[in-house]
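Enquirer: Residues per chain are reported as follows:
There are 2 protein chains.
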Amino acid sequence: MRYIIPDISKVVLLLTQLGGLKMEETLLMIPGPTKVAPRVLKAMSEAIINHRSAEFAEILTETNEMMSEIFQTDNPSYTITGSGTAAMEAAAGNILNKGDKILNIVGGKFGERFMQIAKAHGGVPIELKVEWGTAVNPEDVKNILDENEDIKAVTIVHNETSTGVTNPIEEVGNVLKDYDALYVVDTVSSLGGDDVAVDDYNIDICVTGSQKCLAAPPGMAAVTVSDDAWNWIDKVESSSYYLDIRKYRKYASNEPSETPFTPSISLMYAMREALDVIMEEGLESRIKRHKLAAEATKNGVKAIGLDLFADEEVSSATVTAINMPEDVTDKDMRGTMRDKYGIVLAGGQDHLKGNVFRIGHMGNVTYKDIVTTISALEMTLKGLGFDVELGKGVGAVADTYLASKKF
Amino acid sequence: MRYIIPDISKVVLLLTQLGGLKMEETLLMIPGPTKVAPRVLKAMSEAIINHRSAEFAEILTETNEMMSEIFQTDNPSYTITGSGTAAMEAAAGNILNKGDKILNIVGGKFGERFMQIAKAHGGVPIELKVEWGTAVNPEDVKNILDENEDIKAVTIVHNETSTGVTNPIEEVGNVLKDYDALYVVDTVSSLGGDDVAVDDYNIDICVTGSQKCLAAPPGMAAVTVSDDAWNWIDKVESSSYYLDIRKYRKYASNEPSETPFTPSISLMYAMREALDVIMEEGLESRIKRHKLAAEATKNGVKAIGLDLFADEEVSSATVTAINMPEDVTDKDMRGTMRDKYGIVLAGGQDHLKGNVFRIGHMGNVTYKDIVTTISALEMTLKGLGFDVELGKGVGAVADTYLASKKF
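If you read the sequences in order, they're chains L and W. Residue numbers for the first sequence follow my numbering, beginning at 1 and rising by one. Residue numbers for the second sequence follow my numbering, beginning at 1 and rising by one.
So here's chain L without its partners, still in its complex pose:
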């Protein structure tokens, strides 16, 4: 017995040191939902108030105005109770009459989603296929627009969460300046973590979600709409009701300002608080922090000896997709990270399932989170028989941060 007791206590000690004993929260390093700040959780738990009151109108208006500021647009923004997909549908589902042509740039799961939404609403998609892991070439967009003068809209996903690729939305926006087609951009997993300047990029409709770089709890989406887009939307017969964006515009203009349907009041409290956090950090600093975290992550995984899935020059500021090393299964790798080290990573989606894993570095992500993740990744892979020199990945992370002159 006396030989067993010290062994168990060692295991307990080790588990405790590693955070495996539920002494602390599991660290979410997935591409959303992300860790929510305690002050945001606190705001969310305030008592419910009437959603048709001056008091709520103030919160709603402030939130919508901050959203426009973060979208970098003079256009109004609207919050919708629902996931980011609800905002995608509020965008692509309200601009198409039956038979209207729409160009969907598809280089991952979320690009495909825009196309499926367009189809559900009677649109006729033209798919611009982009190899998963690469970004779209703006010239290809131009060529398709030249061949199809009747394209009503172009959809693009800024940051393809499924592949870790960032598409050149500014350059595609420049191409679109010479065409009438509306420019619809999904910034669900980039807004607040990478450069998005709606007005400068000529974006007509831009959508996002609460639970990624904005670091609010999931369940709230936002959309901003240009005058050009409104002119077009007002001519379209919407095949949505809950996601008919015109209703959000109408009710927002009421006195006091409202939402068309009972919104999630608690999530609105949380959203406003999370946006306040962003304003306090400053949007520019926040984006720099994300880019640095992405660089450190990439350098860390490369130093370990892993390969990035996405082309590095177009790799994302908010999520890094990594090829699963040979002879290591997704179940073992992510399972060990989760169960032994208390860190949750994301798997691959669709045909990348098992072949790729993803590290989300978005929202309130700090240097500590990256170091911890890369260190645990080293230990996990070593434990699974992968040839790793412990400390090499973490060293590369530290190097990156030091070189950034922020430290």
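Wrong hints could be hidden among the right ones.
Just so you know, same-sequence chains aren't split out, so a pair can sit in one copy or run between any two.
[What the hints assert, rightly or not] In silico DSS-like cross-links for lysine-lysine, where the CA-CA straight-line distance does not exceed 27 Å:
#, residue 1, residue 2
1, 353, 250
2, 405, 288
3, 109, 250
4, 129, 247
5, 98, 235
6, 119, 247
7, 353, 129
8, 119, 235
Everything labelled a hint here was simulated from the structure, so no lab data went into it. The structure presented is a predicted model; accordingly, all values stated were derived computationally and were not measured.
Put chain W on the given structure of chain L with help from the hints.
Expert: Relative to chain L, chain W alone:
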């Protein structure tokens, strides 16, 4: 100066006694959102976890199973991040091919909404108009079905929140047993507060919202679907994406169980806790409590000398609509209730705006809330020059509760 100071202190004392000094929460006596229990708010503020994990799957499955129990059905139920209207669209928007006939029973704002949703999805509505303030006659439903054999579905709102009327969903369900049409019922403002037995009433699709009698925060909706309805839905081309109910079925059957889109994790925590509260109280006791609160409210307002808007024999168990007394404006009446007494009532909707006010008595409503509200109503009306004998309404409330043998 010495004469002014005591006056101010008296005012402060009075305001304090009345709860006007923000010492306590405003009392929400509106037909949703309703007061959320502290333990539910606490559950909601737990840290965010991965929505594609075994841990979340357990919460999701438990919540969906409890929803089926509360719907009193063996059919599966699904939760959707969105308002009750989202669930109405997940119901009425997934059962119609273009040109399909649907019978919409319309006796208030929410009956109309079902019709508008059906229209948005290509349906051809047949409207059964029911005078606002009265309930539908099941014979009228039968007659229309006899005249239109190709009606695909019938929609009804159980508890018309806008008028305070309860429709006879059991009797209409009995009529529908002889027809193929799907039976779609909105129990957004009744489930958990009035009798709803989905299987016994022959209901195919039943929808509800989180923020009414279930007393969870707003932003979560639920829907339950029968086998007959699934057979039909599987033949329909959905014109929804986010609200395509088939996606919720597919992902719920994954291992571990999932939602198709990132759900509001915080609201799911809250929903599960709120449903736990219901299970602890017992559904039957909860419904009795609601019916008693409704009776007490009606007796109270009648004793004050006010007239109910809805026919009393079909008046709601969860919300009471009251005609605004002559020479009293909505602004003065509800404004005084809110600003002086800290109690929020609801106004009239659409053409009832200004002519009707509504007292919601749903969710975690207790005897104390009804007494307080009726007492404040007496004082408010007296202050506005209405001839009220103070204490008469409150006495009628107390009488009702004592007569119920619960006290």
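Enquirer: For each hint, tell me whether it holds in the structure or not.
Expert: Results for each hint:
1. 353 / 250: between (43 Å within a copy, 18 Å between copies)
2. 405 / 288: Within one copy only: 12 Å inside a chain, 67 Å across chains, cut-off 27 Å.
3. 109 / 250: between (33 Å within a copy, 17 Å between copies)
4. 129 / 247: Cα proximity of residue 129 and residue 247: across copies only (25 Å, versus 34 Å in one copy).
5. 98 / 235: both (12 Å within a copy, 20 Å between copies)
6. 119 / 247: The answer is both: 22 Å in one copy and 16 Å across copies each meet 27 Å.
7. 353 / 129: Close inside one copy (20 Å), not across copies (53 Å); limit 27 Å.
8. 119 / 235: both (19 Å within a copy, 17 Å between copies)
The structure fails none of the hints (numbered hints given earlier).
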